[in-house]
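Top line first, the protein sequences correspond to chains A and B.
Under UniProt numbering, the first sequence has 587 at position 587, and the numbering climbs by one with no breaks.
Under UniProt numbering, the second sequence has 512 at position 512, and the numbering climbs by one with no breaks.
Quick caveat, the hints were computed from the structure, so don't treat them as lab data.
Hints are not guaranteed to be accurate.
The list treats identical chains as one, so a pair stands whether inside a single copy or across any two.
Taking lysine to aspartate or glutamate pairs in the EDC-like style, the calculated list, with each CA pair at most 16 angstroms apart, reads [what the hints assert, rightly or not]:
1) K531 with D498
2) K184 with D582
3) K252 with D152
4) K184 with D386
5) K184 with D99
6) K148 with E36
Number of protein chains: 2
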Amino acid sequence: MGELSNEDLSSTDDVRTDAPLTHAKYVTFDQPLTLERGGELPEVRCCFETWGRLNAEASNAILVCHAVSGDSHAARHNQDDEPGWWDGLIGPGLPLDTDRFFVVCPNVLGGCRGSTGPGDADPTSPDGKPYGANFPRITIGDIVEVQKRLADHLGIQQWRAVVGGSLGGHQVLQWINRYPDAAKTCIAIATSPRLNSQALGFDVIARNAIQTDPHYADGQYYNQAQRPDTGLAIARMLGHITYLSVEAMEAKFDPDRHDPRQIASQFEQRFSIGSYLAHQGQKFTTRFDANSYVTLSMAMDLFDLGGTRLKLMETFDEASCDFLLISFSSDWLFPPAQSREVVNALTALDKRVTYAEITTNAGHDAFLIAKDIATYGPLVRERLRDPETRPEVPSETRLSVDEESILEIIPTGASVLDLGCGNGQLLAAIRDRHVEPGQRLMGVEVAQENLLSTAMRGIDVIDYDLNNGLPAFIDNQFDYVVLNATLQAVENVVELLDEMLRVGRHAIISFPNFAYRQLRDHYVTHGRSPKAPGEFDFDWHNTPNRRFPTIADVRDLLGQLNVVIDQEVFWDVDQGQRIEPDNDPNLNADTAVIAFHRESQPT
Amino acid sequence: MGELSNEDLSSTDDVRTDAPLTHAKYVTFDQPLTLERGGELPEVRCCFETWGRLNAEASNAILVCHAVSGDSHAARHNQDDEPGWWDGLIGPGLPLDTDRFFVVCPNVLGGCRGSTGPGDADPTSPDGKPYGANFPRITIGDIVEVQKRLADHLGIQQWRAVVGGSLGGHQVLQWINRYPDAAKTCIAIATSPRLNSQALGFDVIARNAIQTDPHYADGQYYNQAQRPDTGLAIARMLGHITYLSVEAMEAKFDPDRHDPRQIASQFEQRFSIGSYLAHQGQKFTTRFDANSYVTLSMAMDLFDLGGTRLKLMETFDEASCDFLLISFSSDWLFPPAQSREVVNALTALDKRVTYAEITTNAGHDAFLIAKDIATYGPLVRERLRDPETRPEVPSETRLSVDEESILEIIPTGASVLDLGCGNGQLLAAIRDRHVEPGQRLMGVEVAQENLLSTAMRGIDVIDYDLNNGLPAFIDNQFDYVVLNATLQAVENVVELLDEMLRVGRHAIISFPNFAYRQLRDHYVTHGRSPKAPGEFDFDWHNTPNRRFPTIADVRDLLGQLNVVIDQEVFWDVDQGQRIEPDNDPNLNADTAVIAFHRESQPT
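Pulled out of the complex, with its shape left as it was, chain A reads as follows (with noise of 0.2 angstroms):
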């Protein structure tokens, strides 16, 4: 009643405390960092944590960047060891291994916890004051350019991978931006290109806040009695309305929303919402620095990689790693739509990238959560597999009859787009079959378990929506588009089949035959919806199936959209026998493969 478990939601600040980082290590960079907006820093002191060893090739470092109110900490170095903010993803055997990688975690550049900062000396100041408010803006660009320069000083020329959520997240897609080489693979969790508007605007009243507190002295409160306390606990408060998703608040604060927990406080307590947030606000007073806060955040709404795809194209155009995206459907600070743009353009530019929208009540805060790095972080480990080892899921599975047809209708070499791969067996056995450098095997799914069984496979893989076309990818992008025994699931039939004639130089489409014998037969007979074993095994109330074509319909339709047919394969799966394309397939077989393309049409 009234006991609010902190465990249970944000776990951002409910492990961070003010203990002293018994492990960072330092580094003074003494040549002075010009900053991006101008001006500079004459020398730039770096604190750092690490985990696990460098290798002889210096191959196995990741860089991990923390959030807003993050530190070095990321994660405990031995069971005695404080709590870190990434626990779950950081250890031995966990996702970033500490076995096998050297983990590298900086504290930001501005911010609080060891790294240079506004509550730093001042070298212009005679008298040696803290920069305060006058610490020089700084840019995501200027906190990459000081981690370029620890990694030059620990001898890492490319890093393994870099890693980050939300700010993390604005840093390494920076890093990739500014650096397009320096990386392996690129992780960007919970994050966006830019903020939204709506996300800048609470930044902006957060920054007022703690900037009109009476006690802010322009930044220099260092040495008084009283800081901007309260203006930072109202900043803080702000935030955490927005890291939570509004059923997660719900569940949490409805049952006993007057019931409030009681705590020293000048914040108002009438609800318990209410003492949630003045002990949220209040705890961050005690460990971070409102100038930082200033800092960083202005850092955050400063980040802008592009509001459009061709600038998101122009941004990554060079890059040479691969990507993991990840959002969160309850994020609606970092809401998934802004990842997928993200996703947009490196598809559009033909890189490696797997894209997941992980289901989960526990918005923005969901990539530090617990339960969620359980269900995204077999994609991270997967993704920082070494391609030597097998993937997490084997590939040798049974295929489906008309898997069979299309592997062999697909000659190797060949780029393939899998849309509603399933779990991603067919580009598997492609893969498998042979496969070129550089020859991309794609998959595009919506399901949870399908995305996850297909990645875990070592295929990249889209969380999209079939039915709005495949705006992803550009004209002539793949060698095969493949839609397998998932044309009856298509609401847009015809603008899905135009956009795989766009997207591939080829298309193959296989599907359950509704004209077939049996299904005819059920229906003629017994005058009741067709029904027979196979994909149209439902009943009429209840099939999951959302069109019914024929191999007749189709053919009709595929001549009205003017393609050429290459080959035709026809079967009957029940019977198991194929049906030759002159023993009327329309009406014996209850599986088509078809594949065609379209001539090029004038432009």
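Chain A is fixed; fit chain B onto it per the hints.
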């Protein structure tokens, strides 16, 4: 470029000025007002405006309740008058027609625009100081109590209607809870039975900002040089973001996000959203009192008519009025789901209610915006129509063949729920044939144009997705539940049929027969997906139909559901003739009407 036209977004502030209330009237109630949460106000002054004339029977009065930052000036009184906040809804010939009605709009208790509030002298203060933060905690109930005294004062025993949006919606719902016979009609727009946890959280933060402002002085700032303007501005900025939808903000601020319009302000103006918020925040402080903001937001936060359906049913159990509820799709502050909670309770109580969720990008503010008023205004107008006059839409429409059959089956005087009621013509025909007082006729629809058409015929209709069942209704609530020419669009067929049998003593379904001769011919002869004139006259790849019921299939399913068939009517509409039950309707009929019921189950 950077030009932030206020008309494009929130109308609330942008018509409000400090203009004196030239048409305001005042009345002081010197009988002490006992407050719900304890204490009393020795006397209460009420400031109000009126439009139109009260008729001899005092039966044409409409109470308009304003939102947090509103006041008595709901509309212009003449062409030269200052604009009002609901000019689109109130005036000669408008939905709240001042040529027919006597419209009354009082400033709320606790406000700062004429009625008693924190800025008034505290009679218990020896030196006549204002109440300030000592203004007693008031509730929506207290606000309503003052309005009740105003009604008595004006000689109004029963309102023709009580109308309000947002906080105004809270007031009208409270009116009906407290005085169940006080109005003939209750119109509640963009509102809720209580704030959700997220909205509550934002209010708490806003109050914290005000109360921690250095010039707040425990609310005794009236004689100070400085008021808590900063805190109030911050509170208002926060409110603004919550009133806007994300889409509206993006459309407005993204194109020139880095291009702020410069205004004189202490607040940050790095971004266009920033200067907009600064402008809005500052304008607000010139016309609104911080103590009133605290008082009214707290009243809104304490407002709680119930979080469960049972509690809400208790709340409205004795209401004798009819209801109109309106919500807006992009309103995330008072989301549509919260209006549906109230609707669910009202329908379960068998009250007369119409509910529509208006599709709009304008967010919570939509209830004040001209374009959206143009959409929902007709619903208001229809609700206030004199029953002696014709509905907006004439009932003399040609019924379809199955509708005629259904009309014959349903006895006069029977209560009817029509699921997927289309434009409402069947229900209107039932009513026009004969209707008893209290005979309930109600429609369920989800397409906006159908909702509006049905309402314009004077039929109660609620905006619900049938695939969620019929949770709004209780067991055996209607004599007949009709599913007319809709079965083929339903995803969850069995669940819906079960629900129909739960809610209705009898059920009637009509549907196109998928086993109709012509469809079979097409399929068997041509081997193509069945297609024939009528409901199945679509191509396999773009048919909107989700289900393809045959008469035999449906009879099978009804058998499994243990129902008793009361009557069957079959038509070959295409040939214009009735098909007798012994003439193989499964083959010869293209349309079927089946009436059935379930024998009472032992509980």
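So, going through the hints one by one against the coordinates:
1. Taking the shortest Cα distances, K531 and D498 never come within 16 angstroms of each other, neither inside one copy (30 angstroms) nor across copies (24 angstroms).
2. When the C-alpha separation of K184 and D582 is checked against a cutoff of 16 angstroms, the pair qualifies neither within a copy, at 52 angstroms, nor between copies, at 75 angstroms.
3. With identical chains, the CA atoms of K252 and D152 are never at most 16 angstroms apart, being 46 angstroms at best within one copy and 43 angstroms at best between copies.
4. Taking CA atoms no more than 16 angstroms apart as the test, K184 paired with D386 passes inside one copy only; the shortest distance there is 12 angstroms, against 73 angstroms between copies.
5. Proximity of K184 to D99 under the C-alpha cut-off of 16 angstroms is found in neither arrangement, the shortest distances being 19 angstroms within a copy and 74 angstroms between copies.
6. In this assembly of identical chains, K148 and E36 lie within 16 angstroms of each other by CA distance solely inside one copy; the values are 15 angstroms within and 63 angstroms between copies.
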